[in-house]
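A.B. asks: Listed here are the chains, written in short residue letters.
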Amino acid sequence: MRRSKWTGLSFLLPGFCGVAVFSLLPFMDVIRRSFVQAVSGRFCGLENYRIVLHNRAFLLAVKNALRFLLVCLPLLLGISLVLAFLLHAWQMAFHQKLRLLKAAYLVPMAIPAASLVLLWKLMFDKHGFVNGILHLCGIHAVDWMNTGAAFFVLVFSYIWKNLGYTMVLWLAGLCSISPDLYEAAEMDGAGRMTQFFKITLPLIRPLIFTIVVLSFLNSFKVFREAYLVAGNYPQEDMYLLQHLFNNWFTDLSVDKMAAGSVLLALVITVFVLLLQKLWETNE
Amino acid sequence: MKIRKKISLLLMACVTAAGLLAGCGLNGEDSQKNTEGFASTQSGKGRFVESEITLPENIRIVNAVGKSKGEELTLIGGDGDKKLFLAHSNDQGKTWSQTKLGQLDNYVSAVNGEDGSAVVFGYNKKSGMQRVAADGKITKVNLPLPEYKGSGNDTENFITSAVFAGNKLFVTDLNWVVYEVNPKTGEMREILQNISEDVTRLLAAGKTFGLVTDKGIQFVDAESGTLAENMQNDNVLQEAMNKVSESHNINSSSIAMTMGDSEDELYYVNHEGLFYHKIGGSTTEQLMNGELTSLGDRSIDFQALYKYDDKNYMVFAVDSQETRHCYRYTYDAEVSAVPENQITVYALEDTNALQQVITAYQKAYPDVVVKKTIGISGEDGVTAEDAVKSLNTEMLAGKGPDVLVLDGLPTESYKEKGVLADLSSYVKAADKKEGLFTNITDAYAGNGKIYQIPVRFYCTIVEGDQEVTDSGINLKDLEKYAKTLHSGQEKVFGNWGPLTTLGILYRADSASWKTKTGVDQEKLKQFLETAKTLYDADGYTEKDRITDEIANSFAEGSLIGMSTAAALFRLTGGGQIAVGSLTSVNDVQQLYGIESRYKGTFTLFDTKEHKAFVPFLSLGLAQKSADNKNAQAFIKMAISAKGQKQITEGFSINRTAFDVECKNSQESKMGSSASDGSYDISYEVKKISEKQQEKLTKMLERLDAPSWNDRVVWDLVLSEGKKYLQGTQSLEDTLSAIRKKVQLYEAE
Amino acid sequence: MKKAIVITILVLFGALTAAPLVFLVCGSLMGSGELAEYLAPVLESTKGYARWRLFPLYPTLRNLVELCFDSPEFFQMFWNTMKITVGILAGQLVFGLPSAWGLARYPIPGKRFLYFLYILLMMLPFQVTMLSQYLVLNRLHLMDTTWAVIVPGVFSTFSVFLMYRFFCGIPEELLEAARIDGAGEWKIFWAIGVPLGSSGIFSALVLQFLECFSMMEQPLVFLQTKKLWPLSLYLPEIKEGQTGFALCCSLVALLPALCVFGMGQQYLELGITAAAVKE
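Chains as they are written, first to last, in the UniProt record's numbering: chain A, 1 to 283; chain B, 1 to 748; chain C, 1 to 279.
Derived from the structure by calculation, the hints contain no laboratory data.
A few of these clues could be false.
As the list claims (entries may be wrong) - To give an idea of the interface, some chain C residues facing chain B are shown, with a C-beta separation under 7 Å as derived from the structure:
hint: 1; residue: 134
hint: 2; residue: 135
hint: 3; residue: 138
Beta carbons are placed, not taken as given, at the ideal position from N, Cα and C, and that holds for glycine.
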């Protein structure tokens with residue numbers, strides 16, 4: 001058998017057919033629905049988009065989503081990179097694997113959202129653990145679930161859950177860089193900072209794409225906790241696009257839901273394309 | 001190499017797993033085949049058809065029935081006023097001859113079908129046993145009943161259940177001991193000493209009888225007086241019984257049974273239908289689908305089942321209004337086995353009222369099957385929201401129901417999206433024919449169209465001293481009264497839980513809250529403050545309050561009987577002002593009964609803008625079924641007097657049905673006592689007088705707007721309000737939390 | 001000194017992330033009385049703040065016993081979860097693995113677009129296509145069967161994305177060498193691709209396993225029969241007043257995930273580049 005495009009297709013096709021039926025087809029259906037009325041199925045042009053873009057709840061959800069991403073992505077990437085860096089440095093210096101420590105970081109990933117609910121409730125209640133600790137420190141208690149602080153519960157939840165894996169991804173990248181490079185740089189008199197910016201960052205650049213994509217993907221999963229802890233109508237700052245989609249569905253507003261979904265897909269497309277441009281050019 | 005091995009192992013494991021899964025899939029198919037097989041035996045012609053047999057006149061209550069081999073039916077029953085009758089029929093219930101027995105102390109009775117005689121037991125030990133011969137001659141027999149062995153020495157032992165089986169009499173008493181009794185001498189012989197479970201009831205079944213115990217059912221052979229061995233390890237039977245005891249209170253009679261001609265044939269009837277089971281066999285056969293008949297009404301209790309031959313069965317049953325029925329099921333080979341037409345009725349929560357409409361419809365249209373789909377069955381953890389979502393998907397897939405019970409569903413949205421059909425023509429027709437409370441239907445009219453009709457409705461009243469309730473009462477008045485009344489020592493409002501307090505007031509006041517973008521802040525504030533004032537009025541602690549139950553259920557008429565309960569509070573010194581839902585004609589009777597004990601009167605809760613009602617069993621017709629004659633007929637049936645005959649919850653939208661309910665209202669004696677003995681009162685419940693009916697009608701006619709019947713808003717207000725009432729959240733925070741969330745909800 | 005700071009930071013963060021697990025463990029060993037005492041401020045709105053002890057004063061296995069002997073539905077749901085998980089993982093090995101290989105190693109028309117499409121479909125939240133997926137499953141008569149959760153899970157593009165990254169890292173020279181030796185393409189896939197990408201495959205499987213264990217939306221929408229529900233839907237259902245029991249359930253529910261995670265940690269740690277590129 002020669003290497004032709006058919007070989008590749010023979011590998012790809014079985015899986016792709018499934019994807020086409022169970023993901024692509026539904027997605028196409030969503031696009032179709034975004035142009036028609038919910039129940040009657042009558043074509044209504046861009047009416048749904050107009051309605052959605054003027055919908056206060058949608059705008060709020062988008063605002064929250066953006067705010068969440070803008071706060072969380074840099075925070076997550078930053079913290080995890082620093083931790084990975086420290087961990088890596090430690091490993092290099094003392095040749096210890098620190099497996100247990102890494103496991104501790106990764107554990108949150110293995111805890112299902114449902115198991116967390118009770119814990120989150122106990123922690124972020126008005127009389128919960130967090131406030132108890134704050135109280136001990138002499139700080140005034142915060143009503144976490146019913147004020148703007150709810151947003152930070154969400155942020156915390158996200159970072160906590162994804163810190164370990166992101167760190168491990170960075171770490172793998174760092175490990176793949178040959179120590180010789182650093183040694184050479186050190187000989188040239190480059191400081192730690194210079195080394196980081198001149199050697200480390202450029203070398204792990206292709207990794208950033210994947211890490212950002214995965215972090216972005218996981219940012220949607222924080223909905224589970226939000227929903228389980230605070231229900232359909234949480235505090236305003238915790239109100240996510242999925243809450244809205246869910247409620248629209250309950251209300252049979254599938255036309256709005258479809259239009260909102262397509263808009264979301266567009267944003268994701270732009271985002272991913274941008275990432276690809278930025279970080280994957282040399283692949 | 002090693003890694004590859006690992007992977008192939010993994011793959012192998014997966015393939016095996018896939019095989020396992022495929023196996024599961026196959027099982028699924030198998031069970032499907034079974035049901036198909038069942039369906040195919042049902043297709044074609046032939047099915048049992050129901051007819052109702054008139055019971056002998058005078059007899060309103062049937063205590064016991066029996067059937068002899070010679071097909072003679074015997075029953076013993078009363079007229080509801082202590083007078084007993086013994087009746088016989090030789091033509092399968094078409095005509096009856098009866099003997100008046102006069103007044104007998106009667107609690108439990110049993111009929112011996114074999115010779116047409118009966119026995120009657122009184123409510124206490126002294127009354128002993130009365131033997132009634134077939135000709136009506138009464139003999140008093142002394143019964144050596146042992147003393148009650150449980151705690152509380154002053155409790156007197158009595159017979160709690162009695163049956164004739166194979167010409168022998170068996171009874172059980174408060175001590176849960178089973179005896180065989182000689183009806184002539186009264187001699188008692190204890191049988192089944194080694195039964196460990198508590199026997200709560202005896203169930204007649206031909207030559208055997210069933211022991212209904214707290215763990216299930218066991219059968220006793222009448223001949224030997226020992227457990228019928230061949231019926232002990234019958235798994236199919238036990239399963240069927242367990243199903244009954246799981247879904248119902250074991251004490252309620254949701255099953256009746258009889259033995260066939262040979263010793264191993266058992267027939268039983270429950271709400272699902274009539275079944276045949278060969279003892280020891282591995283299956284039971286459904287002879288008749290109960291859902292298509294009166295048996296499907298979940299509120300009826302079964303008394304007895306008799307088999308004449310393979311094509312004729314008779315069922316004695318009691319409906320929710322304590323009326324006795326005798327249904328005859330005859331096999332008709334000419335009608336189609338499964339009615340060709342089917343309509344689907346969807347409801348978020350099941351209610352007796354819905355089932356009763358369905359039963360009435362089913363009787364009138366035996367050729368249509370009504371498939372009832374319930375969103376929240378209560379057994380699984382499905383929430384209202386999940387249920388609504390699956391309903392939506394089904395509607396979008398074109399598989400939606402024909403008729404929707406809109407309680408708890410997003411009705412506004414369904415209206416806008418064109419899911420519902422216009423019902424105004426039905427309203428007009430029904431109003432012309434039997435008269436409707438059009439003030440209720442008008443509240444739903446917009447642009448001359450009506451998309452939902454509440455089959456029943458209820459309202460909120462305030463009950464108290466004359467001066468308190470002279471004019472209509474709104475929240476401000478309530479708050480004022482609560483404060484002034486509080487100056488005295490007496491209790492003001494009662495110890496309702498936070499959700500109940502909020503729920504009562506929400507139903508009463510929410511009709512005018514809705515604004516374009518959310519909820520009216522001033523009104524919401526007044527609502528919360530009043531609720532707080534009433535809640536705190538008597539200074540109860542959390543522990544002393546009545547548990548909140550209404551929060552669990554939105555769609556169902558969850559506040560039923562609340563006004564009666566509140567008024568009882570007044571009567572017993574638990575409060576001076578009663579607020580609650582007036583939910584039925586019976587409720588009104590009760591209220592008048594309670595009020596006869598003190599000076600008091602009730603009036604509608606009046607927000608000054610609206611007098612709100614709460615719709616119950618609101619029906620909508622799916623647009624896609626707008627032309628479906630059977631679905632149309634269902635709506636018509638539901639709002640007709642005929643369709644509502646059995647419903648007791650709420651007031652009927654139909655004036656004729658309402659009149660009938662008032663006219664048929666029954667007298668009774670009610671009592672209420674505290675468990676700690678602090679009060680023990682009784683009052684007479686009288687028939688609704690014409691004057692009272694007139695007043696009630698006028699009151700109901702004043703209702704003009706539905707309360708804000710939105711599940712989401714209700715949930716939000718109650719959950720946030722609870723925090724405020726319990727003092728964990730300030731008024732401002734509560735208001736703003738509700739405002740923000742409702743705004744969000746409305747903005748969606 | 002510096003060393004101390006570094007290790008302190010690392011350990012502190014580690015302790016913070018692992019704390020909930022510790023909480024679950026000791027919570028499940030506490031009796032209801034003890035729990036009620038500590039948590040009263042939250043559960044019964046009494047004054048003060050919820051407290052906690054690292055070790056239970058009166059450790060008890062009651063919760064565990066109740067779970068093991070009095071909760072048949074827990075195990076029913078546990079097996080449902082296993083069924084779903086095994087089904088999805090097996091399916092992904094059969095369909096996803098070759099897909100990723102094909103996409104990574106062969107010239108396919110519109111390859112970049114396909115890859116992008118996979119990423120897009122992976123990123124869309126479930127709620128977006130929920131309705132349409134329901135309709136598709138409904139058409140295929142899969143609704144309300146375990147398959148309704150398994151089949152779409154099998155074709156989720158997430159694992160393809162992950163495995164793709166690994167396969168990309170295998171040097172082309174290795175494949176060329178095999179071709180010169182006359183190996184067929186499937187042979188190459190089996191003999192070179194799979195072993196060299198194994199860490200990627202395993203890490204994708206581990207991630208997918210964890211995902212299956214906390215899957216909530218799909219079963220909730222696609223399964224109406226409660227008997228088919230996975231464990232992830234059991235926990236939120238536990239009623240109030242059963243805190244200890246709930247904690248115990250939570251703990252037992254995450255044990256399998258924890259085991260798999262423990263076994264697969266090394267593969268996760270390899271990140272997202274193939275083992276072979278580490279020269």
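A.B. asks: Check each numbered hint from earlier against the structure, then list the numbers of those it violates in ascending order.
C.D. replies: none
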